[in-house]
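Everything in the sequence shown is counted per my numbering, starting at 2 for the first residue and increasing by one.
These are computed hints drawn from the structure, not numbers from a lab.
Each residue gets a CB set at the ideal place from its N, CA and C atoms; glycine is no exception.
The calculated label-pair distances, taken between Cβ atoms and stated as ranges, are:
1. 65 <-> 127: 23 to 31 Å
2. 98 <-> 148: 50 to 58 Å
3. 125 <-> 100: 23 to 31 Å
4. 80 <-> 5: 28 to 36 Å
5. 144 <-> 117: 40 to 48 Å
6. 108 <-> 147: 48 to 56 Å
7. 141 <-> 4: 51 to 59 Å
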Amino acid sequence: MRVGPKTLIALAAATLLWPASAFAKRRAPSPVPAVIWQGVEYRAPLDVEHMGHVQAFKLSSGQALWETKIYHVWIMPLAEEDVQWVFISAMQIQDGKLLVRNENGKSFKLDLKTGRVEGAIPYWLPWFVVGCLLLVLVFFVWMRRTASRNVLIEKPLA
Numbered sequence: 002m003r004v005g006p007k008t009l010i011a012l013a014a015a016t017l018l019w020p021a022s023a024f025a026k027r028r029a030p031s032p033v034p035a036v037i038w039q040g041v042e043y044r045a046p047l048d049v050e051h052m053g054h055v056q057a058f059k060l061s062s063g064q065a066l067w068e069t070k071i072y073h074v075w076i077m078p079l080a081e082e083d084v085q086w087v088f089i090s091a092m093q094i095q096d097g098k099l100l101v102r103n104e105n106g107k108s109f110k111l112d113l114k115t116g117r118v119e120g121a122i123p124y125w126l127p128w129f130v131v132g133c134l135l136l137v138l139v140f141f142v143w144m145r146r147t148a149s150r151n152v153l154i155e156k157p158l159a
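Take the sequences, apply the hints, and build the full model.
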């Protein structure tokens, strides 16, 4: 079967003009009930700006005690954004800690007083280390190139 050029052009135009977002819509995240423990309410907001955050409020006054970003979601720019979102799906108190689960099935334990995540390194630390290693690599390559240029300049011409 032979496909004509007009058919190919029409198919390419339809593919390029069709909104990719029509295929990649996620349903709204399920609301996570707040956890109340010893006069403090722990909430997980479900908006995109606070994705992966837990907030603690004093029940008696409504005062915010702390807000912690538990995890970071890296969004790939060329893919549909909303299907990459990962929200908190459950929270509960376990062994005096706040156990938080996200939609990917990962669990995190938070200290109830400070809001710090147990056993976690800051999400920027690996990028900082990679950046330092790249700077060292660039420095050594630069030193090697300058040394090889100096050797070429110092050789006498015959």
